[in-house]
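Peer 1: Put together the whole structure using the sequences plus the hints.
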Amino acid sequence: MSNKKKKKLTPVQQEYQKFAKEREPKRPVAVNMFRAFLVGGTICVIGQLISDFFLWNFNFTEKTVGNPTVAVLILISVILTSTGVYDHIAQWAGAGTAVPVTGFANSIASAAIEHRSEGYVLGVGGNMFKLAGSVITYGVFAAFVIALVKTTITMLGGS
Amino acid sequence: MLRGHQTWEFKSKPVIISTSVVGGPFEAQGPLAEDFDILHGDLYLGQDSYEKAEKKMLEEACENAVEKANLKKEDIQFFLSGDLLNQITSSSFTARTLSVPYIGLFGACSTSMESLALGSLLIESKAAGRVLCGAVSHNAAAEKQFRYPNEYGAQKPPTAQWTVTAAGAAIVSRKEKGPRVTSATIGRVVDMGLSDPFNMGAAMAPAAVDTITAHLRDLEITARYYDLIATGDLGKVGHNIAADLFKKHGIDVPGEIFTDCGLLIYSDDQCVFSGGSGCGCSAAVTYGHILNRMKKGEFKKVLIVATGALLSPLTYQQKESIPCIAHAVSIEYDQ
Chain P
461 MSNKKKKKLT PVQQEYQKFA KEREPKRPVA VNMFRAFLVG GTICVIGQLI
511 SDFFLWNFNF TEKTVGNPTV AVLILISVIL TSTGVYDHIA QWAGAGTAVP
561 VTGFANSIAS AAIEHRSEGY VLGVGGNMFK LAGSVITYGV FAAFVIALVK
611 TTITMLGGS
Chain H
5 MLRGHQTWEF KSKPVIISTS VVGGPFEAQG PLAEDFDILH GDLYLGQDSY
55 EKAEKKMLEE ACENAVEKAN LKKEDIQFFL SGDLLNQITS SSFTARTLSV
105 PYIGLFGACS TSMESLALGS LLIESKAAGR VLCGAVSHNA AAEKQFRYPN
155 EYGAQKPPTA QWTVTAAGAA IVSRKEKGPR VTSATIGRVV DMGLSDPFNM
205 GAAMAPAAVD TITAHLRDLE ITARYYDLIA TGDLGKVGHN IAADLFKKHG
255 IDVPGEIFTD CGLLIYSDDQ CVFSGGSGCG CSAAVTYGHI LNRMKKGEFK
305 KVLIVATGAL LSPLTYQQKE SIPCIAHAVS IEYDQ
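Protein chains in written order, with my numbering: chain P, 461 to 619; chain H, 5 to 339.
Hint data in this document are derived by calculation from the structure and do not stem from the laboratory.
Treat the hints loosely; a few may be bogus.
The calculated lysine-lysine pairs, modelled on DSS-like cross-linking and capped at a C-alpha distance of 27 Å, are [stated by the list, open to error]: (1) P:K478 <-> H:K323; (2) P:K481 <-> H:K160; (3) P:K481 <-> H:K323; (4) P:K478 <-> H:K251; (5) H:K56 <-> P:K486; (6) P:K468 <-> H:K148; (7) H:K251 <-> P:K590; (8) H:K148 <-> P:K486; (9) P:K486 <-> H:K251; (10) H:K323 <-> P:K486; (11) H:K148 <-> P:K478; (12) P:K590 <-> H:K323; (13) P:K610 <-> H:K160.
Peer 2: Below, the structure is given as C-alpha cells:
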C-alpha cells in the first residue's frame, strides 16, 4: 500500500493492519513463479509442437503458421473452459495460464458462458469482453503509440 | 428488552420451533453433510441459472421448515430474509412464492443472525406470533456478482474464502418447547481500512470482536457463560486474528469454545483457502449442525456471531475500504 493511502488511516487502523498482516498467510510467490514458469513453458511447447505439425503436414511457411497454431490453442482453451477444467488448472498455475493466448481465450469464453442466462444480446454479447475488453483497448492504444514513435524516428532519418 | 448499549434481552425467550437447511454438492462432501435436511447434487438445482438455483434453495428451506413444524404458510405472520445478490432478489422472490408478509434485510453475511435477532424481537414485542427467518447464499451466483466469471482462470490467494451454497430457515415462536433465543446484540459498523476483497476474514475480525465484547459487557457476563461462541465466516485467517485480538484486549475467550462456522462446514482436504463464507454459511451451520448438537445436549448455551462485509464490487473498484458488521444472537436450550 502506498504511503499516501496510509496517511488517511487513523493510528488505530494502521496498528490493526500491521497486527492483521502478521497473521495472514502470504501468497507463496516463489512456488507460484515456479509453477507459472512450468505451465507457461509447457503451453508454449505445445504451441511449438502444433506449429511444427502444421509446418510439416501442410503448406505453411514460418510466417503464416502462427494463425492456425493460435486458433488451435484458443480452441483447446475454450474447450477446457467450457468443461470446467481451465479454472482448476489456473488456480494451480497462476500467471502460467493467464499470460499466453489461452488465458485471453479463457477470459472471453468464461464471461460468455457466465452471462448466457441474461440472453444472447445483453448477456453474451454485452459481457463477453468484460475482462478481455481492457486488454484490447490498451493493446490497441499501446500499438498506436509505438507506431507513432517508430514513424517519428523513421521520419527523422533513423532506420 | 434493551440492556446496556446495544443488546436486546428477550424476557419471553422466543423459541426456535423448527429449522431447515438446504445445501449444494460441495457442502454434501463436507463434514456437516448429515446436518442438512436437503442436499443437492446439482449446483443448478435443475434451474437454468445460478440465481434461480439460489432462490429455489431458499424456497425449499422455508417450505421445509414450515412443514417440519406441522404448520401452514398462513400460520406464519412475517418472513424476514436476506441474501447476497443485488436487490436481495432471492429473498424477495421467495417471499413472492410464500406470500407471507415480508421484510427484506441486507447485512451481507451477517443477515442470518440479523433476521433471527429481529424475528425474536417481533415475538418479544408481541408484534408477531410466528416469524420465519432465513438467509441464503450460492457460491457460483456470488462469484459471478462479486468476483470473476466462474470459469475464469484467476488464481486466488490463500486468504480468499469459499462462498457456501446453502440456505437456512428458522421459525421463531412463542410459548413452545425448543431452543430459546435469549438475547441479541446488534453490531456497529467497523472499518479498519482494509480493502482486499480476497481477505475478508481480516476485515471482519474486528467487527466480530467488537460485537462479542459489547455483548459480554451489556449482559455483564464472561465468555465462559457460553459453551460455544461461533463466528459466522471469518475463516482461518480471521478466526486467528479475532482470537489474538481478544488476547490483546485482555478478554478471556477460551480457544476450546471459540470457533467459526466457515471452519466447521468444510474439511481440510476441500480446497476452500481460508474457509467458508456467505450468509448461507452461518445460517446452515447454526440451524443445522449447532442446533442438532444442542438438541443432543452437547451445548446448552451458544452465541452465534454472524459477520458481514458490507462491500459491493463497485465500492471495491472505487478503492473504498470494506466496512464490516457482526450481529450476535444467544441461543439457549435446556431440556
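Peer 1: Are the hints correct? Go through all of them and say.
Peer 2: Cross-check of the supplied hints:
1. A C-alpha spacing of about 19 Å is found between K478 (chain P) and K323 (chain H), which places the hinted pair at or below 27 Å, so the restraint holds.
2. Distance restraint check for K481 (chain P) and K160 (chain H): the Cα-Cα separation of roughly 17 Å lies within the 27 Å cut-off, and the hinted pair is therefore satisfied.
3. Among the hinted pairs, K481 (chain P) with K323 (chain H) is consistent with the structure: their alpha-carbon atoms are about 19 Å apart, no more than 27 Å.
4. Pair hint K478 (chain P) plus K251 (chain H) holds up; C-alpha atoms about 16 Å apart against a cutoff of 27 Å.
5. Distance hint between K56 (chain H) and K486 (chain P) is unfulfilled; the C-alpha atoms sit about 37 Å from each other, more than 27 Å.
6. Our distance criterion of 27 Å between C-alpha atoms is broken by K468 (chain P) and K148 (chain H), whose separation comes to about 32 Å.
7. Restraint check for K251 (chain H) and K590 (chain P): the C-alpha separation of about 45 Å exceeds 27 Å, so the hint is violated.
8. About 26 Å separates the Cα atoms of K148 (chain H) and K486 (chain P), which keeps this hinted pair within 27 Å; it holds.
9. Straight-line distance between C-alpha atoms of K486 (chain P) and K251 (chain H) comes to about 23 Å, which keeps the hinted pair within the 27 Å bound.
10. Taking the CA atoms of K323 (chain H) and K486 (chain P), the gap is about 22 Å. The hint holds against a cut of 27 Å.
11. In summary, the hint linking K148 (chain H) to K478 (chain P) is not supported, as the alpha carbons are separated by about 31 Å, beyond the 27 Å threshold.
12. As the CA atoms of K590 (chain P) and K323 (chain H) are separated by approximately 19 Å, the hinted pair is consistent with the 27 Å bound.
13. Our distance criterion of 27 Å between C-alpha atoms is broken by K610 (chain P) and K160 (chain H), whose separation comes to about 39 Å.
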